[in-house]
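K.L.:
Below are the chains, spelled out letter by letter.
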Amino acid sequence: MSRTLENPIPVPAEGFVGDWWTPAMMPDPSLDTKELSSISGISVSPSHHPLHSSMALPKTSYSVISAFCSEENIPQCITYINQEVCSLGLTGVSLETKAGVVSAVPVLNLLYEVLQLQKRAQRALHDLETQQLKSSSDLEHLQHSSCRLKDQLEHTRRENSGLHEGERQLQLRIKTLQNCLKSEKEEVQKLQNIVSSRATQYNHDTKRRERECTKLKERLNQLLVDKRDKKLSIEMSNYVGRSDGKRGLWKTSKMEARHEGEMYRALLGDYETRHRSLMTENSELKKVLQLMKKDMIAILSPKKVLVQPEPADDSLEQAVSEDEEESGDCSRESVEQSCEQARQQLTDSIRLQWRKLKSHMQRLDSQASLVACQELERDEMMSRKEQEDEMQRMRLELQQCKEFIHMQQQLLQQQLSSPCDEETAALLNDCYTLEEKERLKEEWRLFSEQKRNFERERKNFTEAAIRLGHERRSFEEDRAAWLKTQFLNMTPFVERKRPALSEAYGALAVSTEPEAKLQSTPPLLVTKSQSNSVFSTPKSAPLKMPSTADLYRTLHLIPESRGHGKCPSGEMLTKSRLRNCPTDCSVISLVRDENSPV
Amino acid sequence: MNFSEVFKQSNQLCKVSPDGKYLATCVQYRLVVRDFSSLQIVHLYTCLDQVMHMEWSSDSLFILCAMYKRGLVQVWSLEQPDWHCKIDEGSIGLVSSRWSPDGRHILNTTEFSLRVTVWSLCTKAVSYIKYPKACQKGVDFSADGRYMALAERRECKDYISVFVCDDWHLLRHFESETQDLSGLEWSPNGCVLAVWDSCLEYKILLYSLDGRLLSSYSAYEWSLGIKSVAWSPSSQFLAVGSYDEKVRILNHITWKKITEFEHPATIMNTKAVVFKEVEKRPVVGSEDLSIHQLTVDNSLFSTQSKYEITQLPAQVPVIKPDPERANPKIGISALAFSADNRFLATKNDNMPQSLWVWDMQRLSLLAVLEQTAPVRCFVWDPRRPRLALCTGNTKVYLWSPAGCVSVNVPVEGSFQVQSLFWHCSGSSLVLLSKEHICLCYVEAEEEK
Numbered sequence: 001m002s003r004t005l006e007n008p009i010p011v012p013a014e015g016f017v018g019d020w021w022t023p024a025m026m027p028d029p030s031l032d033t034k035e036l037s038s039i040s041g042i043s044v045s046p047s048h049h050p051l052h053s054s055m056a057l058p059k060t061s062y063s064v065i066s067a068f069c070s071e072e073n074i075p076q077c078i079t080y081i082n083q084e085v086c087s088l089g090l091t092g093v094s095l096e097t098k099a100g101v102v103s104a105v106p107v108l109n110l111l112y113e114v115l116q117l118q119k120r121a122q123r124a125l126h127d128l129e130t131q132q133l134k135s136s137s138d139l140e141h142l143q144h145s146s147c148r149l150k151d152q153l154e155h156t157r158r159e160n161s162g163l164h165e166g167e168r169q170l171q172l173r174i175k176t177l178q179n180c181l182k183s184e185k186e187e188v189q190k191l192q193n194i195v196s197s198r199a200t201q202y203n204h205d206t207k208r209r210e211r212e213c214t215k216l217k218e219r220l221n222q223l224l225v226d227k228r229d230k231k232l233s234i235e236m237s238n239y240v241g242r243s244d245g246k247r248g249l250w251k252t253s254k255m256e257a258r259h260e261g262e263m264y265r266a267l268l269g270d271y272e273t274r275h276r277s278l279m280t281e282n283s284e285l286k287k288v289l290q291l292m293k294k295d296m297i298a299i300l301s302p303k304k305v306l307v308q309p310e311p312a313d314d315s316l317e318q319a320v321s322e323d324e325e326e327s328g329d330c331s332r333e334s335v336e337q338s339c340e341q342a343r344q345q346l347t348d349s350i351r352l353q354w355r356k357l358k359s360h361m362q363r364l365d366s367q368a369s370l371v372a373c374q375e376l377e378r379d380e381m382m383s384r385k386e387q388e389d390e391m392q393r394m395r396l397e398l399q400q401c402k403e404f405i406h407m408q409q410q411l412l413q414q415q416l417s418s419p420c421d422e423e424t425a426a427l428l429n430d431c432y433t434l435e436e437k438e439r440l441k442e443e444w445r446l447f448s449e450q451k452r453n454f455e456r457e458r459k460n461f462t463e464a465a466i467r468l469g470h471e472r473r474s475f476e477e478d479r480a481a482w483l484k485t486q487f488l489n490m491t492p493f494v495e496r497k498r499p500a501l502s503e504a505y506g507a508l509a510v511s512t513e514p515e516a517k518l519q520s521t522p523p524l525l526v527t528k529s530q531s532n533s534v535f536s537t538p539k540s541a542p543l544k545m546p547s548t549a550d551l552y553r554t555l556h557l558i559p560e561s562r563g564h565g566k567c568p569s570g571e572m573l574t575k576s577r578l579r580n581c582p583t584d585c586s587v588i589s590l591v592r593d594e595n596s597p598v
Numbered sequence: 001m002n003f004s005e006v007f008k009q010s011n012q013l014c015k016v017s018p019d020g021k022y023l024a025t026c027v028q029y030r031l032v033v034r035d036f037s038s039l040q041i042v043h044l045y046t047c048l049d050q051v052m053h054m055e056w057s058s059d060s061l062f063i064l065c066a067m068y069k070r071g072l073v074q075v076w077s078l079e080q081p082d083w084h085c086k087i088d089e090g091s092i093g094l095v096s097s098r099w100s101p102d103g104r105h106i107l108n109t110t111e112f113s114l115r116v117t118v119w120s121l122c123t124k125a126v127s128y129i130k131y132p133k134a135c136q137k138g139v140d141f142s143a144d145g146r147y148m149a150l151a152e153r154r155e156c157k158d159y160i161s162v163f164v165c166d167d168w169h170l171l172r173h174f175e176s177e178t179q180d181l182s183g184l185e186w187s188p189n190g191c192v193l194a195v196w197d198s199c200l201e202y203k204i205l206l207y208s209l210d211g212r213l214l215s216s217y218s219a220y221e222w223s224l225g226i227k228s229v230a231w232s233p234s235s236q237f238l239a240v241g242s243y244d245e246k247v248r249i250l251n252h253i254t255w256k257k258i259t260e261f262e263h264p265a266t267i268m269n270t271k272a273v274v275f276k277e278v279e280k281r282p283v284v285g286s287e288d289l290s291i292h293q294l295t296v297d298n299s300l301f302s303t304q305s306k307y308e309i310t311q312l313p314a315q316v317p318v319i320k321p322d323p324e325r326a327n328p329k330i331g332i333s334a335l336a337f338s339a340d341n342r343f344l345a346t347k348n349d350n351m352p353q354s355l356w357v358w359d360m361q362r363l364s365l366l367a368v369l370e371q372t373a374p375v376r377c378f379v380w381d382p383r384r385p386r387l388a389l390c391t392g393n394t395k396v397y398l399w400s401p402a403g404c405v406s407v408n409v410p411v412e413g414s415f416q417v418q419s420l421f422w423h424c425s426g427s428s429l430v431l432l433s434k435e436h437i438c439l440c441y442v443e444a445e446e447e448k
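As given, the protein sequences belong to chains A and B, one line each in that order. All residue numbers for the first sequence refer to this note's numbering, where the first residue is 1 and numbers rise by one. All residue numbers for the second sequence refer to this note's numbering, where the first residue is 1 and numbers rise by one.
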């Protein structure tokens, strides 16, 4: 009966389960289907339960499987199962018997719960297994590493012990060496003691021997004297005269004194000669020193004047040279003196001078590089000097005039004041004074005019000086540029630069033309600036340059006869440039003057 | 350069009279006096025994011949050939005999340095000086012959006595600050006495004529010290050669060291010139090697030599002294200033083949002469800066600032130059071999 009941149940149940559960039960479909198939395969429905829980169920129950549930003990089974399920913690799900018939739904629910439980257990088991695997591998690894570490430890321990052993041995060696050293030291000490004792012994012995020797000698001497050695004799045919022809003298105290005197005389003579030689040496050295000093002064003073013609420096220089002369005099005096301080003075002055010379030499060194430029500069300086002289002269004249005026004023006042006492005389003189006054006034006017003139002239002069300064600056710039070009001419780029330069100079030459200046002022300004640029930076000779020249050529500003403007060869160019240089400068200054008011 | 014929001599006894007129030689017990220019025999004297020592008196009138074995001294007069004088030192023995500077007294040192006997030829008087010290140079006369310094040893202390030679008056007697005085020497101007200690201690003391200690100098301690001392003729420098192979130059004002000359085995100084003597044997073809030539031409055996200038740095041959033996062959054993004070010649014992010449103006090494044989003797020309040296072979060598020459002595048989000295005029050299002498006239070379 159960069979009939049970048989139709699984099929719909299967279909039901499959339809109902598939969406939710995705994780283990194979297991599920297998189980289901097995279930379907096995006709006996309860048989599958113990099969699945074979691990949990004891074998006895397995053997009893067939006898677990029968028609008779269904309720017992159910209670048993219920109990079991309860113990498993699946509350709320229990099998009920309705009149001895087991309803399928709770069974299935129970079954499902159990399955779920089993699955969970399975999964947990699986997890645990993997965990166990992992931990076991970890363990293995740890074991390995611990093993390795142990080995290492052992190794280091062995090493350590080896080192300890070595150290111990070394310590031992040190100890033995120290012992050795100590013994050696002792030995040395002992030997030293021996040596010194021997030395003293030896010295003592030698002294003893020597004493003995002298004693023996003494005795021998005594014996010889006592014995009256007959053999000791001199045989001579006749006496010989003294080598100096004089007779021998008796030994007297006078003689002794004479000997002493002679000795001291000899010593004194020696000291005197030595003193004299030292004196001559000293004086010679002094002479040399003096000569050196003179030379130094000679070298220092004239050159400085040449090198630095500026008024401020000049006065300074004069002061310095005076100082030098003074010191020179002082040293000259000191040569005559011969005491400590004089020597000090001399050396000091020499040192001072030496320092000056050194600084001068340094200056010369720095100037040596600019010698060429200085030569150019010199004539300008000369002109400056002339101007200064002129200025000085004019100042002097002015001063004289002032004095003259002042004197005249004084005289006038005197003349005016003196005749005040006598009115008659005053009256008489009045006309004269009036006349004179008139004359003086005239003169005064004239003088004031002259003064004004002077003032004006002076102003002009200052202006000229300012201009000169400007000029000088520009010249210096030019010079710098020229130096630069010189320098650049030496560089390998020179071949490339030359044509541009020649063009530039051509342009410059154009600017010197007064017609050009007159005809068009704007181009002149351009040329000027360009020429300046040529001087300052020939490297950046602008591309405009030939174009300006071309422009002039096209404008027929350059006469075709002027060959030097487009001179192609470098040598010719330099020559022409040199020739043109001063004129160029003057032109520039002129232009500057014209431009300055603008 | 000319050479005279060869004369016999014995015991290296050959002296030129101080005035340069005569040449005295001893041949066994005979004394031969020759005119120096003609080399004709002027006088011939016969002594009682073989002469051991011979010396001219300062005025060139007397010659002293000492026969130490017999304790005898014989004096001969040049003016009166029949005048004679014999001094017998008796049983006490004689080890040294010398003239006093006046040429009228003879100082005899007895055996064991027992005493110095002063015999007067003027009065026959005899006087004794006790306790003379037997040392390297215990007696020295000042250059002007006025004073004599004598080293003495009494009660194990060194003393110095200064005598006036005129009447042997004891001028000064003072203790010297030496452990074991080894020598003393007057400065050429006679005002300073240099006294040096034995080689065990480097110490040189300078005493004034009146016995004051002017200065003392010690370069180092604990090592063998002074080996030789020389004054410059101007008394300006005192050169001290020592066992450390250095020469130290002291000045006469502060008596401090001016400089020291080292004798390095490798000469690096580029300003010095190293002259190396190079021997070259004459190349003889086998067909020329006949008996005739062997007997006649003795120059076959004598080798020619010349000097070559060695490139610097140059190595100087050095011998290693035996440290076990006393008086080791190391250090400066001889030094001599040239007459004009400009040069100093030195010889270092462990470089026996080399002679060093120093420039005293620049205080630097000027030349090194490297000979093929050890240098035996070197002497400066008394007039010119010219140095003559010999090495015991048949050649005589000359050095001057201009250069170096080597001259073979062109005499029959081999003439091995053992020593040499200059005639006082500097015009000729006297060369001595073991048993012969030969005169070498070098004036011609100078003229050239």
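Treat the hints as calculated values from the structure; they're not laboratory data. Predicted model, so just to flag it, every value in this text is computed and none were measured. Note that beta-carbon positions come from the ideal geometry of N, C-alpha and C, so glycine has one too. Among the hints, erroneous ones may be present.
[Unchecked claim] Restricting the straight-line Cα-Cα distance to at most 30 Å, the calculated cross-link-like pairs of lysine-lysine (DSS-like) are:
#1 Lys137/B to Lys207/A
#2 Lys69/B to Lys257/B
#3 Lys227/A to Lys434/B
#4 Lys217/A to Lys69/B
[Stated by the list, open to error] Residues of chain B placed beyond 10 Å of chain A at every Cβ, according to the derived structure:
#5 Lys69
#6 Cys135
#7 Pro264
K.L.:
Work down the list of hints and note, for each, if the structure agrees.
P.N.:
Now the hints, each set against the structure:
1. Lys137/B to Lys207/A: OK: Lys137/B and Lys207/A at ~22 Å, within 30 Å.
2. Lys69/B to Lys257/B: 45 Å, violated
3. Lys227/A to Lys434/B: 42 Å, violated
4. Lys217/A to Lys69/B: The given pair, whose Cα atoms are some 20 Å apart, holds under the 30 Å limit.
5. Lys69: 14 Å, holds
6. Cys135: Since the minimum Cβ distance to chain A is about 13 Å, Cys135/B lies beyond 10 Å and the statement holds.
7. Pro264: 33 Å, holds
Taken one by one, the earlier hints fail for this structure at numbers 2 and 3, listed in ascending order.
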